[in-house]
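**Student:** If you want the building blocks of each chain, they are given just below.
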Amino acid sequence: MPDTETKFEITDEMRAQYGVDSAPWTYEVTTTSVRMYARGIGSDDPIHYDVEFAKAQGFRSIVAPLGYIGTPVYLPGKNDPTFGFPRREGGPRLNIPFRGLLDGGTETEYFDYICAGDVLAETSHLADLKYRETGRPMLFVTNESVYTNVATGKVVVKQRLTSIHM
Amino acid sequence: MAQASSVVTDDMRALVGVEGAPMTLEVEKTNCRMFARSVGHTDAIYYDEAAAKARGHRSIVAPPGFMGTPVFHPGQAPTGPAQSRGYSIPYKRVLNGGTEYEYFPENGVICAGDTITARSKISAFEETEGSLGPMLITTRETTYTNQDGKVVAKMYGTTIQY
Amino acid sequence: MGEQVYFEDVREGEEIPQLKKNCSTQQLVLWAAGSGDFYQIHYDKDFAQRTGLKGLIVHGALKNAFLGQLLHDWVGEQGQIRRFGCSYRGMDEPDQDILCRGIVTKKRSEDGRHYVELDVWTENPDGKKTSPGTAIVTLPSRA
Numbered sequence: 000m001p002d003t004e005t006k007f008e009i010t011d012e013m014r015a016q017y018g019v020d021s022a023p024w025t026y027e028v029t030t031t032s033v034r035m036y037a038r039g040i041g042s043d044d045p046i047h048y049d050v051e052f053a054k055a056q057g058f059r060s061i062v063a064p065l066g067y068i069g070t071p072v073y074l075p076g077k078n079d080p081t082f083g084f085p086r087r088e089g090g091p092r093l094n095i096p097f098r099g100l101l102d103g104g105t106e107t108e109y110f111d112y113i114c115a116g117d118v119l120a121e122t123s124h125l126a127d128l129k130y131r132e133t134g135r136p137m138l139f140v141t142n143e144s145v146y147t148n149v150a151t152g153k154v155v156v157k158q159r160l161t162s163i164h165m
Numbered sequence: 000m001a002q003a004s005s006v007v008t009d010d011m012r013a014l015v016g017v018e019g020a021p022m023t024l025e026v027e028k029t030n031c032r033m034f035a036r037s038v039g040h041t042d043a044i045y046y047d048e049a050a051a052k053a054r055g056h057r058s059i060v061a062p063p064g065f066m067g068t069p070v071f072h073p074g075q076a077p078t079g080p081a082q083s084r085g086y087s088i089p090y091k092r093v094l095n096g097g098t099e100y101e102y103f104p105e106n107g108v109i110c111a112g113d114t115i116t117a118r119s120k121i122s123a124f125e126e127t128e129g130s131l132g133p134m135l136i137t138t139r140e141t142t143y144t145n146q147d148g149k150v151v152a153k154m155y156g157t158t159i160q161y
Numbered sequence: 000m001g002e003q004v005y006f007e008d009v010r011e012g013e014e015i016p017q018l019k020k021n022c023s024t025q026q027l028v029l030w031a032a033g034s035g036d037f038y039q040i041h042y043d044k045d046f047a048q049r050t051g052l053k054g055l056i057v058h059g060a061l062k063n064a065f066l067g068q069l070l071h072d073w074v075g076e077q078g079q080i081r082r083f084g085c086s087y088r089g090m091d092e093p094d095q096d097i098l099c100r101g102i103v104t105k106k107r108s109e110d111g112r113h114y115v116e117l118d119v120w121t122e123n124p125d126g127k128k129t130s131p132g133t134a135i136v137t138l139p140s141r142a
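Which chain is which? The protein sequence lines are A, B and C, in order. Going by numbering that gives the first Met the number 0, 109 is the number at position 110 of the first sequence; the sequence numbering is gapless. Going by numbering that gives the first Met the number 0, 45 is the number at position 46 of the second sequence; the sequence numbering is gapless. Going by numbering that gives the first Met the number 0, 58 is the number at position 59 of the third sequence; the sequence numbering is gapless.
Some clues are possibly wrong.
[Claimed, not checked] To give an idea of the chain A side of the interface with chain B (calculated C-beta under 7 Å), a few residues:
1) 27
2) 29
3) 30
4) 31
5) 32
6) 34
7) 43
8) 70
9) 73
10) 74
[Claimed, not checked] Residues from chain C that keep clear of chain B, each with C-beta distances beyond 10 Å, as calculated:
11) 4
12) 13
13) 16
14) 92
15) 100
16) 105
17) 107
18) 125
Derived from the structure by calculation, the hints contain no laboratory data. Since we're looking at a predicted model, the values are computed, not measured. Note that beta-carbon positions come from the ideal geometry of N, C-alpha and C, so glycine has one too.
Please construct the entire structure, taking both the sequences and the accompanying hints into account.
**Tutor:** Structure representation (structure tokens):
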């Protein structure tokens with residue numbers, strides 16, 4: 000049953016959280032995790048599996064497939080048990096009343112490639128909220144994350160993720 | 000002595016005790032955590048490197064039953080129910096009869112950062128008549144050796160085909 | 000994890016603290032990722048039924064790992080699991096309790112190590128032992 004009764008309102012307090020960065024969280028890129036992601040997308044390119052092959056191509060190790068930006072360090076009680084992402088202290092508190100959740104899209108900007116062995120520090124902030132009330136109410140939440148390679152200090156990826164709550 | 004109806008051939012008997020090709024398993028912080036999370040472990044030594052070090056370990060500890068993730072090569076047999084290798088038998092159904100792990104912590108506790116070499120062999124074929132009809136029980140033994148050449152664990156597995 | 004248990008505190012015939020599990024289908028998918036076993040009878044109901052099963056079943060190896068957790072949580076920081084395992088005698092379904100239990104069968108000291116042997120098993124809501132097995136652990140001594 001579509002939930003047409005529940006309402007949501009974007010407040011100034013929520014808008015005040017736009018751009019406020021969370022504390023960093025560690026993401027790890029390992030040979031095993033790169034291979035598993037590559038299997039998940041159905042790739043058989045040895046650049047994602049074979050360390051010697053990747054090194055012969057000039058990479059540090061096997062290369063993370065596009066879209067794989069490491070696995071967040073999982074600590075029971077501190078990460079979401081379904082999605083795995085860290086639940087940050089002091090992060091946006093939106094108290095979203097809708098039960099439905101869909102992935103609304105991903106935009107990823109790369110500044111460098113990512114290889115197994117990389118450790119990334121990710122900070123995230125709320126970037127945008129949109130609420131549509133025509134028909135079934137829908138709330139679009141956009142978060143922006145910046146991933147920095149801990150060893151080099153360089154930003155390697157910026158990503159915008161939009162989730163749809165309805 | 001094989002019975003007249005035995006499905007164990009001379010070729011199969013010749014395989015008993017012969018080690019297969021070694022397999023490399025990688026133990027990492029990420030896959031230890033994933034394994035621990037999937038079991039529901041609550042001890043921090045399976046998740047938090049600092050907590051594991053504070054308890055005297057080199058890094059995050061591999062949870063019981065976790066020996067690392069086999070290096071995956073596309074096109075080679077994926078992980079699945081243990082199947083026969085190099086021989087075929089007329090039974091279609093396969094059951095995992097059980098698994099037992101033996102640890103040798105004095106040789107090293109398996110931790111993130113370890114590279115484990117697994118060598119497996121068939122230790123015995125046994126034929127019985129069960130409620131499901133004739134069965135072939137295959138026992139396998141796998142030895143896990145770490146990067147220092149120390150045997151850190153063994154696994155004894157039983158496969159039932161009928 | 001509770002307080003450290005010592006060899007002297009343990010008696011033959013004594014039951015160790017139970018561990019109750021109840022696998023959602025989500026946990027079975029987590030286990031697929033954790034173990035690398037993607038056999039479809041554990042997450043694809045149609046597939047499972049085509050193979051003649053009533054529905055999804057819990058991985059045997061996951062129940063074995065539950066017994067590993069039962070033992071790990073009991074032996075504490077100073078104890079060690081030397082050996083554990085089980086055979087798979089009965090199938091467990093998702094969303095049903097799986098009770099992990101263990102009973103001390105034998106105590107012995109050898110070469111300065113204090114061994115405790117146990118029967119361990121998982122039990123379904125009818126009290127049937129679906130994965131009976133044994134274990135050997137070492138515990139610290141108060142001596």
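**Student:** Are the hints correct? Go through all of them and say.
**Tutor:** Hint-by-hint comparison with the structure:
no.: 1; hint: 27; in the structure: 5 Å, holds
no.: 2; hint: 29; in the structure: 4 Å, holds
no.: 3; hint: 30; in the structure: 6 Å, holds
no.: 4; hint: 31; in the structure: 4 Å, holds
no.: 5; hint: 32; in the structure: 5 Å, holds
no.: 6; hint: 34; in the structure: 5 Å, holds
no.: 7; hint: 43; in the structure: 4 Å, holds
no.: 8; hint: 70; in the structure: 5 Å, holds
no.: 9; hint: 73; in the structure: 5 Å, holds
no.: 10; hint: 74; in the structure: 5 Å, holds
no.: 11; hint: 4; in the structure: 15 Å, holds
no.: 12; hint: 13; in the structure: 21 Å, holds
no.: 13; hint: 16; in the structure: 13 Å, holds
no.: 14; hint: 92; in the structure: 17 Å, holds
no.: 15; hint: 100; in the structure: 16 Å, holds
no.: 16; hint: 105; in the structure: 17 Å, holds
no.: 17; hint: 107; in the structure: 17 Å, holds
no.: 18; hint: 125; in the structure: 19 Å, holds
Every hint from the earlier list agrees with this structure, and none is contradicted.
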